[in-house]
Amino acid sequence: MIDVQPFRASDNGVHLSIFLTAGYPDLETCGAVLDILATHPAVAFVELGMPFSDPLADGPTIQRASEVALAQGTTLDDVFALASRFRSACAKPLMLMGYCNPVYRRGVETFAAEAQSAGATGLILPDLPYESHHRDFKPGLEAAGLSMAFLVSPTSTPDSVSEAFDTSSAFVYGVANVGLTGDAQSMDRNAFFSELQHHREQCPLVAGFGLSTPADVASLAGLADGAIIGSAFLRAIAHAEGDPAHPDATVQRALDFLAPFLPPS
Amino acid sequence: MIDVQPFRASDNGVHLSIFLTAGYPDLETCGAVLDILATHPAVAFVELGMPFSDPLADGPTIQRASEVALAQGTTLDDVFALASRFRSACAKPLMLMGYCNPVYRRGVETFAAEAQSAGATGLILPDLPYESHHRDFKPGLEAAGLSMAFLVSPTSTPDSVSEAFDTSSAFVYGVANVGLTGDAQSMDRNAFFSELQHHREQCPLVAGFGLSTPADVASLAGLADGAIIGSAFLRAIAHAEGDPAHPDATVQRALDFLAPFLPPS
Amino acid sequence: MTLHPLIQNGYYGQFGGQFIPEMLRRNFVDLEQAFDEAWQDPTFQSEYRALLRDFVGRPTPLQRADRWSERCGVQVLFKREDLAHTGAHKINNAIGQVLLARRMGKRHIIAETGAGQHGVATATACAWAGMPCTVFMGAEDMERQKPNVDRMRLLGAEVRAARTGSQTLKDATNEAMRYWIAHPQDTHYVIGSAVGPHPYPMMVAEFHGIIGEETRTACREANLTPTHLVACLGGGSNALGLFLPYLEEEVELVGIEAGGQGVDSGRTAATLEKGSPGILHGAKTMILQDSEGQIEEAHSISAGLDYPGIGPLHAHLASTGRLRTSAVNDEDALQAGLLCTRTEGILPALETAHALAWTLRADWTGDEVVILNLSGRGDKDLMSYTHTSHPHD
Amino acid sequence: MTLHPLIQNGYYGQFGGQFIPEMLRRNFVDLEQAFDEAWQDPTFQSEYRALLRDFVGRPTPLQRADRWSERCGVQVLFKREDLAHTGAHKINNAIGQVLLARRMGKRHIIAETGAGQHGVATATACAWAGMPCTVFMGAEDMERQKPNVDRMRLLGAEVRAARTGSQTLKDATNEAMRYWIAHPQDTHYVIGSAVGPHPYPMMVAEFHGIIGEETRTACREANLTPTHLVACLGGGSNALGLFLPYLEEEVELVGIEAGGQGVDSGRTAATLEKGSPGILHGAKTMILQDSEGQIEEAHSISAGLDYPGIGPLHAHLASTGRLRTSAVNDEDALQAGLLCTRTEGILPALETAHALAWTLRADWTGDEVVILNLSGRGDKDLMSYTHTSHPHD
Ligand SMILES: Cc1ncc(COP(=O)(O)O)c(C=O)c1O
Ligand SMILES: Cc1ncc(COP(=O)(O)O)c(C=O)c1O
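Residue numbers (the numbering used here), protein chains in the order written: chain A, 1 to 265; chain B, 1001 to 1265; chain C, 2001 to 2393; chain D, 3001 to 3393.
Please keep in mind that the hints were generated in silico from the structure rather than gathered at the bench. None of the values given here were measured: they were computed from a predicted structure. Be aware that one or more of the hints could be misleading.
With a straight-line Cα cutoff of 25 angstroms, these simulated DMTMM-like cross-link-like pairs (lysine to aspartate or glutamate) come out [stated by the list, open to error]:
| hint | chain 1 | residue 1 | chain 2 | residue 2 |
| --- | --- | --- | --- | --- |
| 1 | A | K92 | A | D11 |
| 2 | A | K92 | A | D78 |
| 3 | B | K1138 | B | E1163 |
| 4 | C | K2146 | D | E3143 |
| 5 | A | K138 | D | E3292 |
| 6 | C | K2146 | C | E2331 |
| 7 | A | K138 | A | D78 |
| 8 | B | K1138 | C | E2292 |
| 9 | C | K2146 | C | E2297 |
| 10 | A | K138 | A | D3 |
| 11 | B | K1092 | B | E1201 |
| 12 | A | K92 | A | E109 |
| 13 | D | K3146 | C | E2143 |
| 14 | D | K3146 | C | E2331 |
| 15 | B | K1092 | B | D1003 |
| 16 | C | K2146 | D | E3331 |
| 17 | A | K138 | A | E114 |
| 18 | B | K1138 | B | E1114 |
Computed footprint of chain D on chain C, listed as stretches where at least three residues anywhere in the stretch have a Cβ under 8 angstroms from a Cβ of chain D [unchecked claim]:
| hint | region |
| --- | --- |
| 19 | 2058-2070 |
| 20 | 2344-2351 |
Quick look at which bits of chain C chain D covers, simulated, 3 or more residues with Cβ under 8 angstroms [to be verified]:
| hint | region |
| --- | --- |
| 21 | 2044-2055 |
| 22 | 2148-2155 |
We treat Cβ as the ideally placed atom computed from N, Cα and C, and that holds for glycine.
Let's have the full structure, built from the sequences with the hints guiding it.
Here's what the structure looks like:
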């Protein structure tokens, strides 16, 4: 059984988690930013995006980051190398987030073994259905000791919600928005997360999609164990289109972004 | 009863007749050319074309001449004025050749009276059917003493041939070519005209369409009373597209064209 | 079903006739006889009917146009000729005449075309029949309707530019006639509308009579009795095709002409409204002409209505009051076409759009049953429509 | 007629499934249920059938293609989907799904499109139904297929440019999915081929099953027993529509993929031939992908076949040997399309031309009866054809 404790928030705390697309803005800079995330005290855990050519559940920012990474030739091996680098720098949980096809293509068992030996904690595959998970993915992942996080959204049926909490072995990813990652459309976030509270004991609940500010994170206190920021972070570390990336400048922008999330000292 | 004698050839002679579009290349020059035709000893009679916007039985040369004439505003009144000018210079037969609609529009009786008083001898309307002739045209034309020439062609049925000779009061216009005026497609002209010989006593036979040289005219000896040259004459008097017409130069070209048709002296 | 009762010696009342040069007379004698025989020959009929069904896709639907009806305040049904192969009613006649020409032993087909619809239909019929085809088209129209020129060429037809006059439909017709005069024996001329010398107006109407016949059948099945039959008038073929089986019935026949920029603007194609009797393209009919009897240029945004004449049968039916006519201007036609596209999901030919526009402005009591001949699709008119709906694109 | 025996838990054999994000799960539960109910509801069926008849113009003919048969040395019949409203089979599905969406209380329709045919069909169905419509189209495709963009806009649809990836069909599909994820409640996504998550492949096939059903009826009337059913394969909707009622019968099903510049050129769309199992657009199927599982760009001269996936049902039928497949290259398709135009008088869609080309090169004994799904007309492909037939114009 995989340990969900690292994802659980204490009392009214909310873990901050950062999503970063592997190979964005380039492989070297990405590694430098990951180093920051590994050591930064505001960051509790990290999602490392595995770029995919057809990321249909992602908003324009993450989509674009995938495109940039792929255009530079980022491979699964690069993803694993980044994971190893992260793991060598810290013990924070590291979730690999992506789409089924590259995993399926590599072979679930091979993939799981490689991910595990790179130090990944678990997987988030938004397009993986439960039945395929149980049949095709779970055995391999479990054998490698990798956990899974499934999604719940405001449109989920009660059955789906139960299934997500039953099946997830890392945390349940609560979609904080009816919409895509980075989509700013508003919804009654409180109502949705309130209804999920009775499941939290079973498995931690982490919010994502459309979060960007410390206030967003703070507003989830008592409602979720963690908050994932993706698009906003990618936008923050983006450099002007066409310019070559300056790793130092990017690292500085990452630090600037994270600073407001530190507890007031 | 109208006099067909002027159209009849003596023995093996062949009358030369020239077709000229009224208002071509312009009204003034056309008048000057008509003056030549009136007095030139090679020319036995003349067809004066009444320009029409949609001359569907004409070849490209005559068509174009109509267009030029109309573009300069040539009207039926101009046609009649040219006819008067011709008549005041000679007694040669003058046939007005054109399409039904302008005549119909003017009103057949009015037209006939005007044409007659301008000195026209008769009419050639290639698109006039016999039944309309008998009903709508003949009474007015006869009242004004104008004659008619109907066409026969190699595709005519024997009935049509008889009808043409029965109905024509000037001459029968024998289409020397399966094709349009000025069309050079060859046919067995001899055979066609030979078959028409037994009608010639009833009404003179004049050949037209596709004739251009003195040899063409001479080849009709014994087969027809006359030969009409149209397109070739118009081409001869044409001046370079775009240049203003020089009446004197045009008259000279007309004279040059006609010279070879004079009997060797 | 034939029009014979209306025909006297090649005339329809005062109109019609055969104002053709002698070089073509035999062709017309042969054609009249061949058509009459073929039309009564069950073998020909069954071949023709089978082609209409299998190649052309007939019957075309008679569709209740619900939103259009609502907007007009009266029940409107569309006869969907836009669904016929090549996109308009024109193919009914083209295929019929090509079959007839083959039966007559002709070896070459010629046709005139304005917008290219009849040219495409004829080229299509010729491709099907394996007969060489030459289409005459005004040089100006060839520029404006390039896609249809391409289609004809792909279908194996030769497209010849008519460079005389206004270089449009009228001149293409002259050129086709001229070519026929020069090649009367092996060639058949497929005229594209119910115009020209007898027997063309009648024959073209008969070949399109299937439109009215199917309409009758569909009405019978739906238990509907139409009170109005509405069609646009170019040369008049789609209108007459719809009207033909209804000529003797108590139903109002409405023909809509192209008003162009206004019937009194001098830029119009409203022949019945602004024309006078005259002789054009071999028939006595109503035409746009000046005081000298010269044919005037017609104007319409719709190339298929842009013709200074009208079928002689229509001139007759209008003169006797059997056919009611009205004119619709360019702008109103465009707007009606756009409205039909947006609300019915049918992009109508600009020709058809004239008839549509009239149904919008007519005074209805609400009890009428209106059948509108949706004579063709408007893909060819995309540029005109787009320009109207987004003038600044 | 339903495909249910083939379906197990949303899978067709090993292929299919619902690889969709949680945000859409409820939509799929609802859709599956709504479709099953509607499909069994006589009211829905009769509304749908009436629309197919009166609006779409069905049945389309099953035409004996005489010159084509002669050239192939075997009897070939064309199922004339080119005569359906908007010019291809696509409308059968679009109108069906729009009816279904209305029944489900949806208020907005979205669709993806490549060449624009499915976009036009959906925009047409929405105009008819009075529903707002947004069509996603690759920015690159919008440039190449401007006339179809104009048509969609005239029909009242909003056309949104997909500017990601190759800016073609695949990316338009991603964009449509994304929009749907952001607006799951009021929106229905009309997928344009037999692809995507279950129940789409089955539902789209059922909506096109009318093609096969009419074919059966026409064959019965003509006393014909087909031995081969041939169709081009893009996503596979026209093929499956024809095959559906014949799945259990003894008849060869042949699907023709786009070989592009050659199946081994790296510029191909021959998914079944060159692809491998994977997951794309929500379904497990055969896809063109690299060793990393990234989707490769497909290439075909025909925009409607230019897709790196294939319907999962087809992947299943091909894997079991029930479906025989072959690939035809760009050039051969173009030539076959031109030949069909010149000899049959039918300008076929370039998609269809692939299937035509195969019938020319297949080994026939002469005793076969071949039905070819003439899935659409080629007006949209005029430029490609013209360029081929007169490369120096
Ligand atoms: C769709 C359509 N409707 C109508 C017409 C007008 O012709 P007619 O009056 O002969 O039906 C045309 C002519 O091209 C046409 O294409
Ligand atoms: C005419 C035509 N045929 C075939 C296709 C291919 O699609 P499918 O395989 O879904 O029939 C298309 C797609 O646009 C098309 O327009």
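>> Holds or violated: K92/A and E109/A, Cα atoms, limit 25 angstroms.
In response: holds (24 angstroms)
> Is it true that the CA of K2146/C sits at most 25 angstroms from the CA of E3331/D?
Replying inline: holds (24 angstroms)
> K1138/B and E1114/B: Cα distance at most 25 angstroms?
Replying inline: Distance of about 15 angstroms is within 25 angstroms: holds.
> Regarding the pair K2146/C and E2297/C, is the alpha-carbon distance no greater than 25 angstroms?
Replying inline: Holds, at roughly 22 angstroms.
> Is the straight-line distance between the alpha-carbon of K3146/D and that of E2143/C 25 angstroms or less?
Replying inline: Holds. K3146/D to E2143/C sits at ~19 angstroms (cutoff 25 angstroms).
> Are there at least three residues in the region 2058-2070 of chain C whose beta carbon sits under 8 angstroms from a beta carbon of chain D?
Replying inline: Since 6 is at least three, the answer is holds.
> Does the structure keep K1092/B and E1201/B at a Cα separation of 25 angstroms or less?
Replying inline: holds (21 angstroms)
>> Hinted pair, alpha-carbon criterion (25 angstroms max): K2146/C, E2331/C. Please report holds or violated.
In response: holds (23 angstroms)
> Taking a Cβ-Cβ distance under 8 angstroms as contact, does the region 2044-2055 of chain C have three or more residues in contact with chain D?
Replying inline: holds (count 3)
>> Next pair to validate is K138/A with E114/A; report whether the Cα-Cα distance is within 25 angstroms.
In response: Since the Cα atoms of K138/A and E114/A sit roughly 15 angstroms apart, the hinted pair holds (cutoff 25 angstroms).
> Is K2146/C close enough to E3143/D, meaning Cα to Cα at most 25 angstroms?
Replying inline: holds (19 angstroms)
>> Hint check: K1092/B vs D1003/B, CA-CA at most 25 angstroms. Holds or violated?
In response: Cα-Cα ~12 angstroms, so holds.
Checked against the numbered hints listed earlier, the structure breaks none of them; every hint is satisfied.
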